[in-house]
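Protein sequence lines, in the order shown, are assigned to chains G, F and Y. Residues are numbered in this note's numbering as their position in the first sequence, beginning at 1, plus a constant of 109. Residues are numbered in this note's numbering as their position in the second sequence, beginning at 1, plus a constant of 1204. Residues are numbered in this note's numbering as their position in the third sequence, beginning at 1, plus a constant of 632.
Hints are computed from structural coordinates only; laboratory data are not their basis.
Each pair of labels, with its calculated beta carbon distance range:
1. Y:S749 with F:A1297: 29 to 35 Å
2. F:A1489 with G:Y262: 53 to 59 Å
3. F:G1401 with Y:A811: 51 to 57 Å
4. Y:R726 with G:R277: 33 to 39 Å
Computed from a prediction, not measured in an experiment: that's the story for all the values here. A virtual CB, placed ideally from N, CA and C, is assigned to each residue, including glycine.
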Amino acid sequence: MNRNVLIGLVAILLVAPFFLYPVFLMKVLCFALFACAFNLLLGYTGLLSFGHAAFFGASAYVTGHAAKEWGLPFELAVLTGALTAALLGAAVARLAIRRQGIYFAMVTLALAQMVYFFFLQARFTGGENGLQGVPRGYFLGVVDLNDNMALYYVVAAIFLAGYLGVARVVNSPFGQILKAVRENEPRAISLGYDTDRVKQTAFILSAGLAGLAGGVKAIVFQLASLTDAHWHQSGEVVLMTLLGGVGTLLGPVVGATVVVTLQNRLSEGALNAYVPVVLGAIFVVCVLAFRRGVVGEALAFLKRGKE
Amino acid sequence: MKSTLAMTCAAAALLAAGAAQAEISGGKVKIGLLTDMSGTYSDLAGPGAVEAAKMAIEDFGGKVAGVPIELVTADHQNKADIAANKAREWADAEGVDVFAELVTSSVALAVSEVGAQKNKISLISGAAASDLTNAACKPTTVHYTYNTRSMAVGTGAAVVKEGGDTWYFLTANYAFGEALERDVSKVVIANGGKVLGSSKHPFPASDFSSFILQAQASGAKVVGLANAGADTTNAIKAANEFGLTSSGQSVAGLLVFISDIHSLGLDVAKGLKLTTGFYWDRDDASRAWSKRFNERMKKMPTMVQAGVYSSVMHYLKAVEATKSDDTATVMKQMRDTPINDFFAQNGKIREDGRMVHDMLLVEVKKPSDSKGPWDYYKILRTIPGEEAYGTLADSTCPLVKK
Amino acid sequence: MMELIGISPQVLLGQLLLGLINGSLYAVLSLGLAIIFGLLNIVNFTHGAQYMLGAVAAWAGLKFLGLNYWWALILSPVVVGAIGVLIEKTMLKRLAHVDHLYGLLLTFGLALIFEGSLVHWLGVSGQPYPVPPELRGGVNLGFMFLPWYRGWVVVASLTVCLLTWFLIERTKIGAYLRAGTENPALLKAFGVNVPLLVSLAYGYGVALAAFSGVLAAPIFQVSPLMGSNLIIVVFAVVVIGGMGSITGSIFTGLMMGVIEGLTKVFWPEASATVIFVIMAIVLLVRPAGLFGRA
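Next comes chain G alone, as it looks inside the complex:
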C-alpha cells in the first residue's frame, strides 16, 4: 500500500512538468515540503506552532543573501538557509516547549513576530521591497538551473528526500515516542522518556525542513519577501495541513497542492477579488464538515470499506 503510494508519487513527480507549468509545480512542492515539516510537529507530536513562517522566511532570506551577496552555489546556499532555520528552531524550541497547548501556539507566534520585526528592520532584507534578484546558479556546478526543467527535477528530488525523511522519522522508534508524547505525555514521562528533549528534537527537525522549503522557494522565485515570514503564512500552512489531513503522510502534500492551485487559479478567474473569502470558506467547511482532511477522510473510507 505505502509502496504503491510512493511509486505513484514518484511517477506523478516525473511526468507532471510535461503537463503543467514547472515553476508553478515547484511552488507546490516547496509548500508541500513546508506543510510536511509542519505536520511532523502538529500531526505526529501534537504541537501546534503558530509561528512556522519564521523558519520558512528566515531561510528564504539567508539563502537569498548567501546566493546573491556571498556568491555561494545553490546547494550551499540552501543548506546555509536550512541550517539557520534549524538553529532558530532550536532557540525557539528551548523557550516554547516549556508550555503546552494553546500557550505553546502563542509563544511560537510571539517569537515569530519578533523574527518578523527583525527582518523588517535588518538592512540585508530590503525591508518592504524584499530581497530581489537572487541568482539561481548551477546544481553541483554543472546543471544550469536557469532552465526551469532542470531546476524542477532538482526541486522534486529535494522534496522527495524531505518527504521520505519525514516518513522515515515517523515510522522509526523515535516516531513512536513522538506519538506517545502526543497521545499521553505524562505516560511517556513515566516510561522514562525525556519528553522535553523529544519535543525539542522534533521541533528542530521541523524547523530545519521548513527552512529547506523556504530556501528552495527563494531560489525558484529568485526573491525573498516579508510575506514569507508574516503570520498569515503561518496560518496558511496550518490550513494546508488541516485540509489535506493532519497526521497523515500524504495529507500536507495534497493540502498544499489544493491551496496553491486555488491561489493561482482564483487570482485569474472571475473570483479574483475574492481570494480571501474563498480561503476562509474552505477553512470553515473543513473544520465543520471534514476535520480529518481529504486524505484522512479517504483513509477512513477505505478502512470502512475493508471492514
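Dock chains F and Y against chain G, hints included.
Relative to chain G, chains F and Y alone:
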C-alpha cells in the same frame, strides 16, 4: 520597365506586410495586468486599473497591427512570489508580451526582474520605489506614473518656499517611507529649510495620536507624512483631532492619492498640500476621459489608474507604428515618441526607464469651495518633469552611459 | 533613537495619557476575548473582524437609517452580538468536544470571510465616521490638547469594563458563568441551561468587540481591514493577563496601552512588537499570566 517597377513595389509591399504579420508573435498582442484586487492597494489600483486597461484596448479598436489584443489579469494579493510566478507563467506558457500596473514595490521589482530575464516589457504604474529606475533599472522596464522622488520634491520645495522651513517627519518604518523622508529632507535643506526630527512608526500603525503629539512638541512648522494608504489617512485624522493644524502647524502629504482624500472627506483633509501625477479636472482631455471612467467605475480615476490607460495606449501605439511586438523594437519606438495625452504632458521615457512628465502641486479644497462630487483639488503649480524626477545625470542606473 | 534627556516631562505625561486611552480600547477588546476563552475554550480569531463589524454597523446605521452615534453605541453591539450568537449556535457549538485548535481555525476562516466580502462594499481606504457633535473640540491640559472624544473613550470603556466585572463577579448570572467555566456538567445537573449560557456569553464577548468598534469609528477610518492585525495584539494582551481572567484582561489592557505608548517615544519602530516581547517573557516566567491561577 514601369511594370517591373510596379511589380517590385507590389512584391516589396507584400513582403513587408508578410514580415509585419510574422513579427507579431503568436498572432496576437497579449497584455498581462497584475494588481491588488482586494488588499490595501485595491482602491488606488485594483479593479479600476483593470477597467482602465480594458478602456485602452476598446479605444484602440481591439486590434493592433492587424492582430487582436488580449488582456489577462491576476490578483497578486500583494505577494511578490505570486506576482513573479504569474509573470513567469504568462511569459513562458501563455505568450504575454507586456506586464502592466504592478502596484507595490516588492511586486514591481520582482516582475521587472522577470521581465528582463524573459525579454518582456514591464509598464509600472502603481509602484513608487525610485529604485526601479536607479540601482534596479532594467532595459525592459518603464516606470510610468510617479515615484517617491517626484511626489516628494514638489511638495517639499513648494512648502519651504511658502515659509514652512522647519520639518518633522512621521515615517513608515520600511524602505519606501525612508526613501520618501530622505528625498524630501534633501529638498528641504537645499531650499534653506531645516529638518528637526522624525518618528519612525511601525507599519501599519493604527493610532497616530502619540506621533502627532511628538510632532507637536518638536515645534516644527510642517509635519511631513512619509507613509501611504491607511497610515496617511489615520495620521491626517489624528492631526485634525489633536488640533495640530489649528495651532499653526501644517501637514504635508508625501504620497496621497485622490482615493485617500475621497475616503477622508474634505472637512478633515482641507488645506493639505500634495503632489499628484494626474488630476481629472485639469483640462478638457482629462475631464473627458475621467468622465468615461466614472461612468464605468462610479468613481474618478486615481493617477495610477489613469497611468495604466496611458501606458497601455502608448505601448499599443508603438506596436502599431512598428508593426512588431519585438521588445527591443517597441521599447525604442516608445522611447522615441513623446507622450502628450489626457494623462501626461511633455512626457518622455528616458534611458533608465523613467517616464518623465509634468507633475501637479495641489491643495485640498475647503468644503465650501468644492463645487460637486470629486471636486477636491486646487492646482497650485505645474512642476516641470525634470524638476520632479531629476535629470538623467542624477540616475544611478547602470544602463545610462556617462 | 532619542535620548531620554531629550524628552520633556510634558511629552511624557501626554504619552502616558494617550497610552491609557488606547489601553482602555484594548481592555474592552481583551475582556470580550477573555470571556469567550474562559467559557468556550475558544480563541476567537474573529474578534478583530467583529470589532470592525461594530464600526461598520455604526457607519451603515448613520448612512442608511440616519441613526446617530448614541443609537449606534447601543444598537451596533446588539446586532453584531446577535450575529455572534448565530455563529455560536450554528458552528462553534459543534466544536465543543474537539481540540481548541479547530475553534481557532474556524474563527480565523470566518474573519477572512467577513473582511474579504466587505472590501468590495466599503473599499479598503474605508469610510469616514464623524465625531458626534456633542464631543467635538477639546481641552488644553497644559501638557497636551485632549480632544473630548478621546476622553469619552476612556470613560465609556472603563464603565463598560466595570459593569462587566460586576456582572460576572457579583451577580447570579455571573456565578453561573464562572461555574460553567469550571464544571459545565455539574452546572447542568443543577438545571441550568448551559448551552444557552454559552451562546449568550459568546454573544456578549462579541458585543464588547463591536462596542469598541463603535468607539473607534470616529478615531480611525471605518475600513474592512481595521481589525485584521489587532486580533493578535489583543490576544497577546489576554495571554499576558492570564487566559480567562476578567480582572487580568482589564488591567493588562490598560497597562499594555501605556507601555506601547512609552515605546512610541523611546523606540517607535518597536512599538508594534513590544507587546509580543512582554508576552514571551511573561509566558516563560509566569505561564498562567500575570493574573491567572496556575
